[in-house]
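Trainee: Protein chains in written order, with this note's numbering: chain A, 1 to 284; chain B, 285 to 568; chain C, 569 to 852; chain D, 853 to 1136.
What the hints contain is simulated information worked out from the structure, not anything from laboratory work.
By construction, the Cβ of each residue, glycine as well, lies at the ideal position given by its N, Cα and C atoms.
Worth double-checking, as some hints may not be accurate.
To be verified - List of simulated lysine to aspartate or glutamate pairs, EDC-like, C-alpha gap at most 20 Å: (1) D:Lys-1013 <-> D:Asp-1032; (2) C:Lys-820 <-> A:Glu-113; (3) A:Lys-97 <-> C:Glu-681; (4) D:Lys-1104 <-> B:Glu-397; (5) C:Lys-820 <-> D:Glu-965; (6) A:Lys-21 <-> D:Glu-906; (7) B:Lys-536 <-> D:Glu-965; (8) B:Lys-305 <-> C:Glu-622; (9) D:Lys-1104 <-> C:Glu-622; (10) B:Lys-536 <-> A:Asp-41; (11) D:Lys-1104 <-> B:Glu-568; (12) A:Lys-252 <-> B:Asp-325; (13) A:Lys-252 <-> C:Glu-681; (14) B:Lys-536 <-> D:Asp-893; (15) C:Lys-665 <-> A:Asp-41.
Said to hold, decoys possible - Facing chain A, a subset of chain B residues (Cβ under 8 Å, in silico): (16) Gly-496; (17) Val-497; (18) Leu-499; (19) Glu-518; (20) Gln-519; (21) Thr-564.
Unchecked claim - DEER-style ranges, computed between Cβ atoms: (22) B:His-409 <-> D:Thr-856: 26 to 34 Å; (23) C:Ala-846 <-> B:Ala-395: 28 to 36 Å; (24) A:Asp-245 <-> C:His-651: 19 to 27 Å.
Protein chains: 4
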Amino acid sequence: MSRTTATLLISCPDQRGLVYKIANFIYANGGNIVHADQHTDFTAGLFLTRIEWELNGFNLPRELVGPAFNAIAQPLGAKWELHFSDTVRRMAIWVSKQDHCLLDLLWRQRAGEFAAEIPLIISNHPDLESTAKQFGIHFAHLPITKENKAEQEAQQHVLLKEHKIDLVVLAKYMQILSADFVAQFGRVINIHHSFLPAFVGANPYQQAYQRGVKLIGATAHYVTADLDEGPIIEQEVARVSHRDDVPTLVRKGKDLERMVLARAVRTHLQNRVLVYGARTVVFE
Amino acid sequence: MSRTTATLLISCPDQRGLVYKIANFIYANGGNIVHADQHTDFTAGLFLTRIEWELNGFNLPRELVGPAFNAIAQPLGAKWELHFSDTVRRMAIWVSKQDHCLLDLLWRQRAGEFAAEIPLIISNHPDLESTAKQFGIHFAHLPITKENKAEQEAQQHVLLKEHKIDLVVLAKYMQILSADFVAQFGRVINIHHSFLPAFVGANPYQQAYQRGVKLIGATAHYVTADLDEGPIIEQEVARVSHRDDVPTLVRKGKDLERMVLARAVRTHLQNRVLVYGARTVVFE
Amino acid sequence: MSRTTATLLISCPDQRGLVYKIANFIYANGGNIVHADQHTDFTAGLFLTRIEWELNGFNLPRELVGPAFNAIAQPLGAKWELHFSDTVRRMAIWVSKQDHCLLDLLWRQRAGEFAAEIPLIISNHPDLESTAKQFGIHFAHLPITKENKAEQEAQQHVLLKEHKIDLVVLAKYMQILSADFVAQFGRVINIHHSFLPAFVGANPYQQAYQRGVKLIGATAHYVTADLDEGPIIEQEVARVSHRDDVPTLVRKGKDLERMVLARAVRTHLQNRVLVYGARTVVFE
Amino acid sequence: MSRTTATLLISCPDQRGLVYKIANFIYANGGNIVHADQHTDFTAGLFLTRIEWELNGFNLPRELVGPAFNAIAQPLGAKWELHFSDTVRRMAIWVSKQDHCLLDLLWRQRAGEFAAEIPLIISNHPDLESTAKQFGIHFAHLPITKENKAEQEAQQHVLLKEHKIDLVVLAKYMQILSADFVAQFGRVINIHHSFLPAFVGANPYQQAYQRGVKLIGATAHYVTADLDEGPIIEQEVARVSHRDDVPTLVRKGKDLERMVLARAVRTHLQNRVLVYGARTVVFE
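Take the sequences, apply the hints, and build the full model.
Mentor: Put into structure tokens, the structure is as follows:
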């Protein structure tokens, strides 16, 4: 478990010999594959794969792995990402007033469940500053109004750069990011408090109550310019009944939200998610 | 289990003394309560209850139970239904071409899971006639076109009367009932092949695939004039992944559909469902 | 939701008129029932019920409710408990080294999910003292050895009395309570890290791995003198696969454990659990 | 979906270059890989993989694929199985009196869910003969007593050979196969009516009721000489409550049993299960 590995996430037009060419690249350089999984989407004509190998004994120095693999990927028309398991990712958590997802992520990080540091919390409300302090994390209070939104987003960008953030997690951040922001900063995971595509928009638990559903859900997805339409990473549901009023649905939903968000963040940090179009491949 | 019981399903504006008055009615007449459950919807100001008692030793003859209870219900402004456990309900199953829900219901009926007879199957296609024959059930083939819909619905009404049908189960009947039909014949349960309100309308599995959801669902509901908007009785979901193409989603969905529909039908037949507004109380 | 209520949990040999007699007691004294549920165990010949009513408008002063009801209960041979919703229960949490269940309970208490105070944490290890301090809770470090166990249990009793504890929650307390202790202090809830009765005893995740199960579970139960045999309050499972090594099973198990323990504690605090024999009725 | 493929299931001591060598074998012969998944069990030092490729365009004739691969497998110390997707497996279903699993398998086979024929049903009771007839399947009634067991098993062997059976599915066959039988005929899948290892042996639903569990389960596993100890293929659970008496547990259990057994059979027929030691890898 503690051996350092490299991971390639590759998507590529389907063609003969892909597994061989990738495996050959690793074998020829002395690598030992510890995980390899692939998926062929026949409808899209796409080959998608995740391959992970031990760096111990691998002949190429780290800085050359990417360029060397690119020489193979280019002719195949492949898109790819390369990650090293000992790179500690830097995660910013964005919140509003609710603390359940934030606390859950902080505990899990402290318990070693995430290969990531959390140097920055951003909020449009001051409420969770003391929590940030308690965990020794920088807390930036950036209230959002219609008027100052562009300005505050610029400030958010500065903070993300300053803290070298790789991943933004919207942990019940009740503001919509502008399309510009999303275009500029790619990796944002959001938790939506419903089983998307049911109950998009505001007050999903109120909507769920009125519709009389027998299950409620939560959805973690990457954020795109289309609100609530980003590629889904993880979903889960819980059983509810006529006895559950809206506050009870909210309480049950909180458990779903933190569970689903944590799973999505962990999977992302383990480089197990490959986005293509509006969908994701989540390699087990 | 085999003792004959009477069951009252009551909904009533909330007020002091309701449990007492209902319990007193049964006790004073020598009844032994075997199940009593209630729910107060404080938002709607409604008291909803299900109460079941043994007829053995009950002083009122069956035909007087209703009138006698009405004398109590009237002043309370209560709506109520009365059912006897030895009444064998008569169920018509409506299908199109797919047989999975039909077969499941037929097998469960034969296995004694439903206190109901199934004397009639109606279909807009001829495909499942042999299945009907094999189980000794009358099969009516009534193809539907835009032109003949009203006429065929009239014919359906005749058949329901002729066979003394209490409950219609749409077991993948791929036609929409007219508002008129629904207004005339009250008790219709439908299985919808999605986790409502997600993916209303046609081709839900195709929609689910394109949206890249990680769970698919099925919903059993009473049919109302508003398509896909009737009160939900039961829902269930199953996990899916990027590996599941549309045919696999359909296959997994079939398992959900038959499970969810069977649960809804059983619950209905056990007089455990009370509809109020767009919602249901399902008494456990 | 915020109205003060009284709740009776009653178990009683089954007989005619029980619902009436109990409802009459409440109605005659001007009470408004907000929840009533019952279960008849025909095998055991037992009637079990939970009934909750608003104290606002109830004619009996609190201190007389018990004695008055006893006059009814006695002739019926009923056992009963009476609870008032504004009584804030006092909970002690016992831990060893792992903090996931503890933190979850503390967070839920702070979030208002439990009608309880947590004045005391007891541990056989010093590790979680700082967590206790951070939440302003008294932390007692009582290491257990074979030699000092009786002595330390005496000390534990003193602490429970001193802090007026109503409920002990073993939140991954890796010591076995003596039969004496359990006999003296009735209400103890434990979380067992398996789907009981599978994998009793030590190292259940190791056992689960070796057996190659496809689901792992957690069980919350009342503690009795028979280890791992107490009445079960709640259970839940999670899917695992061949990819999950023992540390991953442990991580997944932690999520189950805190979820299941929290549900059991909440249900208990809401006076929804009635123990009879080795089983529980959990009123919804 | 309808393209013919070959599948290799391989287990092998872990070593560098395995993926490369296998991929090379397929690529060098012009194969197009459509599924490849692997698992490394670091504790056991084992590499386990499933690799599936299209035969269309593959240079080796079928009869040479095995021998050619063996030349590669031998030096690696690998165990392997080779399957072709257009081989229609032949499945015998063994039953006693209950028909729910049998009917479910028959429906699914007819619906095209299994790439298999079902030419033979064996039972120790005559009850399900008419079901067999209805589906046009040979039914062999072989009652078992202590005295005739060896003899009847010999007869079973004859039938399996006669009908060229590849897989035996015990679909609620309430007899224990002898160790001899299991040693001689390898591939037997059983459905056990509990969440193993809980409630081994007889009357698991009665046991579950008495223990007061909140979930019941079912387990599909390969049969080995150790009763209830064979490698698990699939498990599932369903929620139960104090309201569920033993007959209701049995009814809920039947739904679990047929679902779990069907999943296990399908996965086996798709060559997705690799047994090693007491565990299985189920490739998704």
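Trainee: Decide if the proposed pair is consistent with the structure: A:Lys-21 and D:Glu-906, CA atoms, cutoff 20 Å inclusive.
Mentor: Cα-Cα ~17 Å, so holds.
Trainee: Measure nothing beyond the straight line between the CA atoms of B:Lys-536 and D:Asp-893; if it is 20 Å or shorter, mark the hint as holding.
Mentor: 30 Å, violated
Trainee: Would you check the hint for B:Lys-536 and A:Asp-41, treating anything up to 20 Å between C-alpha atoms as holding?
Mentor: 19 Å, holds
Trainee: Given the hint that B:Lys-536 pairs with D:Glu-965, test it: the Cα-Cα distance must not exceed 20 Å.
Mentor: 11 Å, holds
Trainee: Against chain A, is B:Gly-496 within 8 Å by beta-carbon distance?
Mentor: With a closest approach of 3 Å, the B:Gly-496 hint holds.
Trainee: Does the alpha-carbon distance linking D:Lys-1104 and B:Glu-568 stay inside the 20 Å limit?
Mentor: The hint holds at about 14 Å.
Trainee: Please verify whether D:Lys-1104 and B:Glu-397 have alpha carbons no more than 20 Å apart.
Mentor: 11 Å, holds
Trainee: Holds or violated: C:Lys-820 and D:Glu-965, Cα atoms, limit 20 Å.
Mentor: 32 Å, violated
Trainee: Would you mind confirming whether the straight-line C-alpha gap from C:Lys-820 to A:Glu-113 stays at or under 20 Å?
Mentor: Roughly 10 Å separates the two Cα atoms, so the pair holds.
Trainee: Should the hint that B:Leu-499 touches chain A count as held when the rule is a Cβ pair under 8 Å?
Mentor: Holds, because the Cβ-Cβ distance from B:Leu-499 to chain A comes to roughly 5 Å (cut-off 8 Å).
Trainee: Just to be sure I understand the hint, the distance between the Cβ atoms of A:Asp-245 and C:His-651 should be within 19 to 27 Å; is that true here?
Mentor: With a Cβ separation near 21 Å, A:Asp-245 and C:His-651 satisfy 19 to 27 Å, so the hint holds.
Trainee: Should the hint that B:Val-497 touches chain A count as held when the rule is a Cβ pair under 8 Å?
Mentor: 6 Å, holds
Violated hints for the displayed structure, listed by number in ascending order: 5, 9, 14 and 15.
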